[in-house]
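One letter stands for each residue in the lines below.
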Amino acid sequence: MVDVTVQTPPVETRAVRLRHFWSDYRRSWVAVLALAIITTLVLASFGAPFLVPQNPYDLAQLDWADAFLRPGQTGSGGYVHLLGTDNAGRDMLSAILYGLRTSFVIGITAGILALILGISIGLTAAYFGGRIEALLMRIVDLQLSMPAILLALVMAAMLGQGVPQIVLALVVAQYAYFARTTHGAASVERRKDYIEAARSTPLPTRRILFKHLLPNVLPPLIVVATVQVASAISLEATLSFLGVGLPLTEPSLGSLISNGFKYIHAGRSWLSIYPGIFLMVTVVAINLVGDQVRTVIDPRNSR
Amino acid sequence: MTDPILKIDAVSKRFTRMPGLAERMIGKFTGGGKPVVVHALSDVSLQVMKGEVLGVVGESGCGKSTLGRVVAGIHAPSSGSVTLNGQPIADQRGGNIHKRTTQVQMIHQDPFASLNPRMKVGETLAEGPRHHDIIPARDVQARIRELLEQVGLEGAYADRLPHQFSGGQRQRVAIARALAMQPEVLVLDEAVASLDVSIQAQVLNLFMDLRRDLGLTAMFISHDLSVVRHVCDRVAIMYLGRLVELAPADRLYADPRHPYTRALFASVPTVGTGRGRFETIKGEIPSPIDPPSGCAFHPRCPFAGPRCLVQVPELGALGQGRTVACHLNDGGVELQKGAA
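Sequence lines, in order, name chains A and B.
Going by the numbering used here, the first residue of the first sequence is number 1, and it counts up by one from there.
Going by the numbering used here, the first residue of the second sequence is number 1, and it counts up by one from there.
Just so you know, not all the hints are guaranteed correct.
Pairs of lysine-lysine, BS3-like flavour, derived with a Cα cap of 30 Å [said to hold, decoys possible]:
| # | chain 1 | residue 1 | chain 2 | residue 2 |
| --- | --- | --- | --- | --- |
| 1 | B | 99 | B | 7 |
| 2 | B | 120 | A | 192 |
| 3 | B | 99 | B | 120 |
| 4 | A | 192 | B | 28 |
| 5 | B | 120 | A | 211 |
| 6 | B | 7 | B | 34 |
| 7 | B | 7 | A | 192 |
| 8 | B | 50 | B | 120 |
| 9 | A | 211 | B | 99 |
| 10 | A | 192 | B | 282 |
| 11 | A | 211 | A | 192 |
Hints are computed from structural coordinates only; laboratory data are not their basis.
This structure is a prediction, so every number in the text was calculated from the model and none was measured.
Turn these sequences into a full structure, and let the hints guide you.
Given below as structure tokens:
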């Protein structure tokens, strides 16, 4: 055959790349802390039934006698209410962790669905171009020019209360960000020779879209997805606070804040402040993680 | 080397850019805002024989890459046809390609862009043949190893990603990808232009070996006359979307007939000529949006006469398998009675 000396480049497995990613990621201790906080919150909220003394969904476990206990007081159940209780005698820590779980479920579900919808629209527009692109992207632009909260509010008011309705409202409010990001990245990628090579082979359009184009536009989308999950969580909280989100029987952080807000002038500030702190910490931590992921995967920062 | 396997028949390709809404509105006042048409190919006819390597040479923007893309079925020709063994290479409906042949495969210039950076090379090699049932599913792995070894790589490299390879190695992968489809014709679009000179030689030698072993037919598009001389049987010279000279490589290099071909040869820097003088072609390449009248080369041609300004020269046979499109070879550059 041909006489060539071929040097063997080091094999870079997925595990090695993951280790590289982590060693880049941990250069910011703030981001590491944020990741630790999110992990703790996710574990605590999904493990809430095993961690907290009370199920705030179960009205049989609530006792009116325990209403408005201050943080640290012991209630009739015989345990300490670390963050106090609300007007129905609900243990606030339990309610917050259950509420956080609802917020995570809604935020992540809405984020993933919006990601899928946005990717479909962005890829279709970028790959086919022409009128399809013009039509789809103008709709997206139109939507991006409106505040997401306004759109989510209208949608939530139309659809009514409940988890699926809120998720749908959030998806409609957020898919446009994913569509725009996908479209931008895919427009660059689709002009590259490997797409042309795949088309001239020829490979079916579906395979080109999902095996060639999609994997190459995914990295920036992961960052957007992280930030959008945080944004979905705070949007949901806002909707619930405004009374168009979830009912108090299914506590989310927003409805807890909203409920406590009624008593804030009665000196029972813990009802609003603690869920508020949890919400803020969650959203800030997710954003910090997203920022650091962006920094690490940015090719300009590669070593 | 007798039957034409690939026939390019009177192919023209125009790219039209429609003005946007804003441009059209502004154009109402300024007189602009009209569609911009680029004549990338004008009436190109060529035949490639079985087992032959045809070189296509010209400056940047002369349409040689467009010709390669039309032959590979990436662009639909605006008029004319490309047939392989008498069959059209692609189904065309309304200016769009619907179904392409697998029998023409292309190798791109830049191996850093032509391989999907997130797909293992084994998968890159396997997906085409798998989808078109060229190889039985159980033989795919063995075939990938065989292909990699055929292009001078190790079979075990199938599990690697493109970024773990050097430029030359990537170009070998791109060649293997094309060969995996078992094509009748390869189109190499500046396939070695982006490689280091030493790597160029390796890849060219690989190509020559494969050509000998597999009896490949190829269209070798390049701007590098010395590379073309090394690998091609016949050479087509293009200028501004037109074919200006076509001749067997040895004759073309010994005795170029078209003034443009001569100018091209004169502009090649050679080693060992002492002072390193070489002629540049005077003037700029005219815009393909607004090509010159008559012979497209006349504004830069030292021999141009009045006839060249008004009449497009036809390709004329000169014997010995060569054709040239120049008035010097069909009756002179002066205006004749009846002509014009």
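Structure-based check of all given hints:
1. 99(B) / 7(B): 18 Å, holds
2. 120(B) / 192(A): With a Cα-Cα distance of about 18 Å, the restraint between residue 120(B) and residue 192(A) holds, given a limit of 30 Å.
3. 99(B) / 120(B): The hint holds at about 26 Å.
4. 192(A) / 28(B): 36 Å, violated
5. 120(B) / 211(A): Holds - the C-alpha atoms of residue 211(A) and residue 120(B) are around 11 Å apart, at most 30 Å.
6. 7(B) / 34(B): Roughly 35 Å between the alpha carbons, so the hint for residue 7(B) and residue 34(B) is violated.
7. 7(B) / 192(A): 28 Å, holds
8. 50(B) / 120(B): This hinted pair is violated, its Cα atoms lying about 33 Å apart.
9. 211(A) / 99(B): 20 Å, holds
10. 192(A) / 282(B): 34 Å, violated
11. 211(A) / 192(A): 15 Å, holds
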